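Participant: Protein sequence lines, in the order shown, are assigned to chains A and B. This note's numbering numbers the first residue of the first sequence as 172 and each following residue consecutively. This note's numbering numbers the first residue of the second sequence as 21 and each following residue consecutively.
Hint data in this document are derived by calculation from the structure and do not stem from the laboratory. Mixed in with the good hints there might be a few duds.
Said to hold, decoys possible - Covered, in the sense of this in silico footprint (three residues per stretch, anywhere, with C-beta under 8 Å from a C-beta of chain B), are these stretches of chain A: (1) 205-218; (2) 265-272.
What the hints assert, rightly or not - Simulated restraints on C-beta separations: (3) 99/B <-> 223/A: 36 to 46 Å; (4) 281/A <-> 73/B: 40 to 50 Å; (5) 176/A <-> 78/B: 15 to 25 Å; (6) 192/A <-> 42/B: 15 to 25 Å; (7) 59/B <-> 190/A: 36 to 46 Å; (8) 248/A <-> 81/B: 38 to 48 Å; (9) 210/A <-> 35/B: 24 to 34 Å; (10) 200/A <-> 77/B: 19 to 29 Å; (11) 221/A <-> 35/B: 41 to 51 Å; (12) 227/A <-> 72/B: 28 to 38 Å; (13) 281/A <-> 31/B: 28 to 38 Å; (14) 72/B <-> 281/A: 47 to 57 Å; (15) 42/B <-> 253/A: 28 to 38 Å; (16) 89/B <-> 182/A: 40 to 50 Å.
Please read these numbers as outputs of a predicted model, since none were measured by experiment. Positions of the beta carbon are idealized from the N, C-alpha and C atoms, including for glycine.
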Amino acid sequence: GEDVEQSLFLSVREGDSSVINCTYTDSSSTYLYWYKQEPGAGLQLLTYIFSNMDMKQDQRLTVLLNKKDKHLSLRIADTQTGDSAIYFCAERDLGDYKLSFGAGTTVTVRA
Amino acid sequence: DAGVTQSPTHLIKTRGQQVTLRCSPKSGHDTVSWYQQALGQGPQFIFQYYEEEERQRGNFPDRFSGHQFPNYSSELNVNALLLGDSALYLCASSPLPGGSSYNEQFFGPGTRLTVL
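All chains should be modelled from the sequences, with the hints used to inform the complete structure.
Facilitator: Printed below as a string of structure tokens:
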């Protein structure tokens, strides 16, 4: 789980859906996480998925996993100003303990 | 129920000095991991402690060391500080195995270290 890549910036209008993308490179047995970081704060765990799943939904959040392309996305429905933050994708292989993070996507919500 | 706590919040040191950062895990958690987050980057894994032993280590030099106490709290020590050690140091805790949230790592607010 060493190479996790994300696009760096996303701008979205309030009320629209946001889609944040991530690609990872490691094994077929891995956990994939989404974390949110607001300015000056630590990381808040939003959701996670195991690589044997295709989708997970939790209120306004939907995670989609394309195992063939090793592509993960986080969709935020009805994006609000409070969703402005940096979003990190991370992976952890089964049997490993460390999280490997991408560089983060800065999401800016405009009125 | 308190989450993961870290102290101090901010710290300023000069090159060559030594620093100790502290972390208390979330209640019910027995595993502590430390990460370094440089400005504009994602967190990088330093090491993880479980049952008072270092269980896994990332690509960090021996200047970075740690300790876990019987109450599961942990310290991160950095010797011979370099300018490049300036970063946000994050502690994360994980619950005991067998629980529904076993695969989750919960992060504290971090300690901002500035090396001058």
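Participant: With reference to the structure, classify each hint as holding or not holding.
Facilitator: Status of the hints after comparison with the structure:
Look at the region 205-218 of chain A against chain B: 6 of its residues bring a Cβ nearer than 8 Å to a Cβ of that chain, three or more, so the hint holds. Counting residues of the region 265-272 of chain A whose C-beta lies closer than 8 Å to any C-beta of chain B gives 6; at least three are required, and the coverage claim holds. Here the CB-CB span from residue 99/B to residue 223/A is close to 43 Å, well matched to the stated 36 to 46 Å. Checked against the given bound of 40 to 50 Å, the beta carbons of residue 281/A and residue 73/B, roughly 49 Å apart, stay inside it.
For residue 176/A and residue 78/B, the Cβ-Cβ distance of about 19 Å falls inside the hinted range of 15 to 25 Å, so the restraint holds. Between residue 192/A and residue 42/B the beta carbons are some 37 Å apart, a value that contradicts the proposed interval 15 to 25 Å. Restraint check, residue 59/B to residue 190/A: a C-beta distance of roughly 26 Å breaks the suggested window 36 to 46 Å. Between residue 248/A and residue 81/B the beta carbon distance is about 44 Å. The supplied range of 38 to 48 Å therefore holds.
For the pair residue 210/A and residue 35/B, the supplied restraint of 24 to 34 Å holds, since their beta-carbon distance comes to about 28 Å. In this structure, residue 200/A and residue 77/B meet the distance hint of 19 to 29 Å, their C-beta atoms being roughly 22 Å apart. Separated by about 44 Å at the C-beta atoms, residue 221/A and residue 35/B satisfy the suggested range of 41 to 51 Å. Hint check: residue 227/A to residue 72/B, Cβ distance near 35 Å, so the stated range 28 to 38 Å holds.
Between residue 281/A and residue 31/B the Cβ separation comes to about 36 Å, which falls inside the hinted range of 28 to 38 Å. Range check, residue 72/B to residue 281/A: Cβ separation about 49 Å, and the 47 to 57 Å hint holds. Between residue 42/B and residue 253/A the Cβ separation comes to about 30 Å, which falls inside the hinted range of 28 to 38 Å. At roughly 45 Å, the beta-carbon separation of residue 89/B and residue 182/A lies within the given 40 to 50 Å, and the hint holds.
The structure fails to meet hints 6 and 7 from the earlier list, while all remaining hints are met.
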